[in-house]
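J.: Residue strings, one per chain:
There are 2 protein chains.
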Amino acid sequence: METTKKIKGGDVRAASRLIRNLEDRVPEAKTTIKHLFPLTGKAHVIGITGSPGAGKSTLTDGLIDMFRKKGKTVGVLAVDPTSPFTGGAILGDRIRMQRHAEDPGVFVRSLATRGALGGLAKAVGDAIHVMDVLGKDIVIVETVGTGQQEVDIINHSHTVLVVLVPGMGDEIQAIKAGILEIADIFVVNKADREGSSKLSRELMAMLDMAPPSTFQGGWRPPIMKVENAFEPVGFNKALEDISNKIEEHHQHLVDKDIIGSRMRRKAVVELNEAIRASILEPVLQKLLSSGQMEGLIEKVMKKEIDPYTVAEDIAKRYLEGCL
Amino acid sequence: METTKKIKGGDVRAASRLIRNLEDRVPEAKTTIKHLFPLTGKAHVIGITGSPGAGKSTLTDGLIDMFRKKGKTVGVLAVDPTSPFTGGAILGDRIRMQRHAEDPGVFVRSLATRGALGGLAKAVGDAIHVMDVLGKDIVIVETVGTGQQEVDIINHSHTVLVVLVPGMGDEIQAIKAGILEIADIFVVNKADREGSSKLSRELMAMLDMAPPSTFQGGWRPPIMKVENAFEPVGFNKALEDISNKIEEHHQHLVDKDIIGSRMRRKAVVELNEAIRASILEPVLQKLLSSGQMEGLIEKVMKKEIDPYTVAEDIAKRYLEGCL
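From first to last, the protein sequence lines are chains C and D. For the first sequence, position 74 matches number 74 in our numbering, and the numbering has no gaps at all. For the second sequence, position 299 matches number 299 in our numbering, and the numbering has no gaps at all.
Treat the hints with caution; some may be incorrect.
[Stated by the list, open to error] Below, simulated EDC-like cross-link-like pairs (lysine to aspartate or glutamate); rule was C-alpha separation at most 16 Å, straight line:
#: 1; chain 1: C; residue 1: K72; chain 2: C; residue 2: D137
#: 2; chain 1: C; residue 1: K34; chain 2: D; residue 2: E281
#: 3; chain 1: D; residue 1: K34; chain 2: C; residue 2: E281
#: 4; chain 1: D; residue 1: K316; chain 2: C; residue 2: E281
[As the list claims (entries may be wrong)] Derived CB-CB ranges, DEER-like:
#: 5; chain 1: C; residue 1: R220; chain 2: D; residue 2: T31; range: 23 to 31 Å
#: 6; chain 1: D; residue 1: G260; chain 2: C; residue 2: N228; range: 49 to 57 Å
#: 7; chain 1: D; residue 1: R264; chain 2: C; residue 2: M204; range: 45 to 53 Å
Source of the hints: derived by calculation from the structure; they are not laboratory data. Since the structure is predicted, the reported quantities are computational estimates derived from the model, not experimental observations. Glycine is no exception: its CB is placed at the ideal position from the N, C-alpha and C atoms.
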């Protein structure tokens, strides 16, 4: 309860500690989240995703400035890939964003994706709750990489920005990564590069071909261009336009009563994940600590038994209390 | 048993049907896999991964030719991203590879990744078993996208090729995607492009910095260059070199007795996945079919209860047989 009160009061150190404990799966962290949960739901959560090297961190950094100018406080969760062997985040807190360290209205944290456990870092949903209760008006979740993370990000965001860059071979990177349907706003970054118009045209054509039902409440994802970040005037104008568009999208969700369906999606994901953690993890833990797992792995390796038969037996014994 | 016999006899239609049923989670397919399982373990499984647009399909296509020339039969599993909304694979069986359709020594199938279920298509491990029992000497698993899929692919492969292309911004795409550690062979594709030497140099530097323990049995991942696919002579030479290097790597795994640890990794993953399916899925199924899930989602959405408390209650009731 102490931690809950501190975070509600804006205590950044308590929030940092809680997020770290959530990542480390410290049991008390889960209890704190239970207390924080009823206080959540105020922040506007923005997901930023796209291929590696698309310039997402630069955009995030620019958006922080824009939202701060609008008088809003900003939390950023940078989801870093984890080395499957070391378990540590590779990039750490994004270097560039360190310049906001002195601004109490900005709170940046990075989370490592956990290789074996799949998809977006499990702690992301809860870390968003922490930033929400901490009082951040805007929470930006930036993911590195494409694939599963990008599909997961829609489960936690109200507004999703998909960042693309020209010159990625056949230009169908967006479809290939399966991220076309999750975009609320497309950003064509590094738009001064060759192939930028082609990319925009192809995106436009794909949107034209999409069935009208794709566009929730009639929102057709706009395509916003950002040119060279080293030309501050043009860059800032582009970022201002994007931040306005993000606010417009949020208003659209409210006006058309779509925000409820996005909240439902998040509730479904959180519930599924919590059920997995409560039911599956104790079983695996028991098999590991009792040394049974080791013997089963041996047998499967030697092809003496198949994994499905093993699993069915475990499920049966679990229910009989004989594990 | 009938299907098992057919597949063992090389019946492609039976194999196709089984793979489709595995994707659709038809219960009998699982029974068939139980029968096939003891017959597996002969194929050399090659994972090919890298960013979207890196030219993986072209490489796979070229490798099919090379292995066929060496008198080996080849199975290909192309893992396509699924649209989170339609559930269907976007690319379908890769167009280019269709030219092998007449060759009975080549068997190409695509698998859709299932958005919500995370990572590499759940059916991949079993589909590899099918191709293995079907008698394919080489099974190539090609994944689209980066991120979780790339980390998952090492669990199923003996040899992993990581394909990179020059000109992806800051050139640290490999680290960003967290795929550096999983590579047995690096392929710098489109190496006639600007930035190719820089990319190779940076890869080299990263390998130089890696602790020696990174290189299993002393295998330092070679960096192989492939230039323009439209220059058949150079392209074929490069592909031949890569196919030789793949065989060399397989020999290395055998000579240094590393193959056992790769098989163990696969056994662990398969076991974990089977346990998940046997224990977690029936619970979710019961909650859904009884309508309980709907009520719980409502309560979580309204913040009346938090997901963790719900999950703990479900776990308790499940064990008491009161779900």
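J.: Could you run down the list of hints and mark each one as holding or not?
T.: Each hint tested on the structure:
no.: 1; hint: C:K72 with C:D137; verdict: holds (6 Å)
no.: 2; hint: C:K34 with D:E281; verdict: violated (25 Å)
no.: 3; hint: D:K34 with C:E281; verdict: violated (25 Å)
no.: 4; hint: D:K316 with C:E281; verdict: holds (14 Å)
no.: 5; hint: C:R220 with D:T31: 23 to 31 Å; verdict: violated (47 Å)
no.: 6; hint: D:G260 with C:N228: 49 to 57 Å; verdict: holds (52 Å)
no.: 7; hint: D:R264 with C:M204: 45 to 53 Å; verdict: holds (50 Å)
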